[in-house]
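**Q** Listed in order, the protein sequences are those of chains W and R.
Counting with the numbering used here, you get residues 1127 to 1461 for the letters of the first sequence.
Counting with the numbering used here, you get residues 2 to 204 for the letters of the second sequence.
Quick caveat, the hints were computed from the structure, so don't treat them as lab data.
Ideal Cβ placement from N, Cα and C applies to all residues, glycine included.
Warning: the hint list may mix true and false statements.
Partial chain R-side listing against chain W, Cβ under 10 Å, derived [claimed, not checked]:
{"#": "1", "residue": "94"}
{"#": "2", "residue": "102"}
{"#": "3", "residue": "110"}
Derived SDA-like pairs (lysine to any residue); straight-line CA-CA distance at most 20 Å [claimed, not checked]:
{"#": "4", "chain 1": "W", "residue 1": "1305", "chain 2": "W", "residue 2": "1450"}
{"#": "5", "chain 1": "W", "residue 1": "1297", "chain 2": "W", "residue 2": "1264"}
{"#": "6", "chain 1": "W", "residue 1": "1187", "chain 2": "W", "residue 2": "1305"}
{"#": "7", "chain 1": "W", "residue 1": "1227", "chain 2": "R", "residue 2": "165"}
{"#": "8", "chain 1": "W", "residue 1": "1227", "chain 2": "R", "residue 2": "72"}
{"#": "9", "chain 1": "R", "residue 1": "143", "chain 2": "R", "residue 2": "95"}
{"#": "10", "chain 1": "W", "residue 1": "1434", "chain 2": "R", "residue 2": "166"}
{"#": "11", "chain 1": "W", "residue 1": "1434", "chain 2": "R", "residue 2": "143"}
{"#": "12", "chain 1": "W", "residue 1": "1227", "chain 2": "R", "residue 2": "73"}
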Amino acid sequence: MLIKIPASGECRESEVTTEAAYLSRRQILGGVMLSGAAAGLPALAKASERYPGVTSAPAPKWFTDKLASARWQAVVPDGEAITPFADASQYNNFYEFGPNKGDPARHASTLKVEPWSVLIGGEVDQPGRYALEELCSESRLQERIYRLRCVEAWSMVIPWLGFPLADLIRKAQPHSSAKFIRFETAYRSEEMRGTRSGFGLIDWPYVEGLRMDEAMHPLTLLAVGMYGRTLPNQNGAPLRLVVPWKYGFKSIKSIVRISFVREQPITTWQSMAPQEYGFYANVNPKVSHPRWSQARERRLPGSLFSTKLRDTQLFNGYAEQVAGLYSSMDLSKDY
Amino acid sequence: MRYPVWRPAVFACAASLPLYWLYLGWQFALGPDPGKVLVDNLGEGALVLLLLTLSMTPMQRLTGWGGWLAVRRQLGLWCFTYALLHLSGYLYFLLGGEFSRLGEELRERPYVLVGGLGFVGLTVLAMTSSRWSMRRLGKRWKKVHRLVYLIVILALLHMLWVVRADAARWFLYAGIAMALFFLRVPAVTKTLASVRSRKGRGE
């Protein structure tokens, strides 16, 4: 089987153009859907005004500055209702803070997210430890409303704030030998009570990875905020990945390390249960999972009277944009 | 009726818990995925009730109080009820009532099959729990009801398969089950009885 891996050191002008074209098209769609009402809001609008029920949080100065020039609703999915902030911020999987859905919201406040720095290394010209504000200094903040599909068969729709991972990759200047990117979550046992459990099955720190072309894809986002504010700790503050066509566990939280590597990294869930979790973890209703049927999903919030079950879409509905990345692969084998 | 307060109290406790969960779900207090929470709570509740049922005989041996045995059948039937509600919740909330998908679920997800087998076992025990069945089955009744030990193992396996990241709860239940099995080893049972009789004589 032939897998084409583009040389990553190249500047990839083509990707930039695609992105711009893609975004402008989406912006029009979004504007149409929302009848221009929200799109016309002044950029300075506060988080609480943008989305109902959002609790405000103190934000560092660099974030507030960037927010003023943010491009709101740069990507908006057609006909999707945004999940309420309360649900998106209180129903989380972040096992560093405990195994239950409510644990992260209860216990993640102990994580110290400021100051934050990220160690960039591996096959790059510009390795080193970067402060978070340095990492996004040249990028304009964008709001992207993405569907989030968890491997546990539930889904949400979340307005993220961030910048394309491709921006950071260009900044780091990887060598052509870098074929994959490996991400690592902070591991601070004194701040993360879930990591202190004697019966935990996860080998910390949490590790995820992407192939270089996936990482360069314009949809791949590094998020620093959501719902018009900074990320709540339980949602992966202060820096997380968002890859909307993959199961949620690929979107690694609270990133402290980004390495450009030659070999496919060994990721956390894949190493724990390779028959259940693949490296690619693309949302695919046809590839079954031994725990959950992936054919359908529960769109949250649900209630006792409506289960809100809906069919899961291939690549979580982003097939048009990303299917090309996998055209030469057998998705039932490379799941 | 013997134990006129104790038995209705156990009944009220066991009955009120699922009603309370349902009420919380009604009030949107179970979070954005209330169906899943109900299914999980009912499943875990059924396992706890199964272990409680099995602990009544050792409790009676240890304390000599007959009240434990007076609620044993009731607790077993509650375990069956919780398991039935757990199964119904799974079919309604997680499968969306699409019974056509049940075949695939049983084939591809072994924990569903194991849970299903456990439920079949519980159904057999619940159906043969009446006095009439006990008389009818005679000596065989005890043999049939030894099935409960297999059901405990199936239930624990069913839960272990669902555990994703932290097995603390599972180890707790498995540990209790092991202890309850251990207390049924004849030599241990004898020692337990002698402990009580010594206590009874005030030594």
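**Q** Given the hinted pair residue 1227(W) and residue 73(R), is their Cα-Cα distance within 20 Å?
**A** Since the Cα atoms of residue 1227(W) and residue 73(R) sit roughly 34 Å apart, the hinted pair is violated (cutoff 20 Å).
**Q** Starting from residue 1305(W), check that the Cα of residue 1450(W) is at most 20 Å away, please.
**A** holds (18 Å)
**Q** Straight-line Cα separation of residue 143(R) and residue 95(R) no greater than 20 Å?
**A** Violated, at roughly 36 Å.
**Q** For the pair we were handed, residue 1187(W) and residue 1305(W), check the Cα-Cα distance against 20 Å.
**A** violated (35 Å)
**Q** Residue 1297(W) and residue 1264(W): Cα distance at most 20 Å?
**A** holds (9 Å)
**Q** Measure nothing beyond the straight line between the CA atoms of residue 1227(W) and residue 72(R); if it is 20 Å or shorter, mark the hint as holding.
**A** violated (35 Å)
**Q** For the restraint on residue 94(R), tell me whether the closest CB of chain W is nearer than 10 Å.
**A** holds (5 Å)
**Q** At a threshold of 10 Å, is the proposed contact between residue 110(R) and chain W supported by beta-carbon distances?
**A** Cβ of residue 110(R) sits 6 Å from chain W, so the hint holds.
**Q** Starting from residue 1434(W), check that the Cα of residue 143(R) is at most 20 Å away, please.
**A** violated (46 Å)
**Q** Between residue 1434(W) and residue 166(R), is the straight-line Cα distance small enough, at 20 Å or below?
**A** Given pair residue 1434(W), residue 166(R) is violated - Cα atoms ~27 Å apart, limit 20 Å.
**Q** Taking 10 Å as the limit, does the beta-carbon of residue 102(R) come near enough to a beta-carbon in chain W?
**A** holds (7 Å)
**Q** Can the restraint linking residue 1227(W) and residue 165(R) be considered satisfied, given a maximum Cα separation of 20 Å?
**A** At roughly 12 Å apart (the allowed maximum being 20 Å), residue 165(R) and residue 1227(W) satisfy the hint.
Going through the hint list in order, the structure does not satisfy hints 6, 8, 9, 10, 11 and 12.
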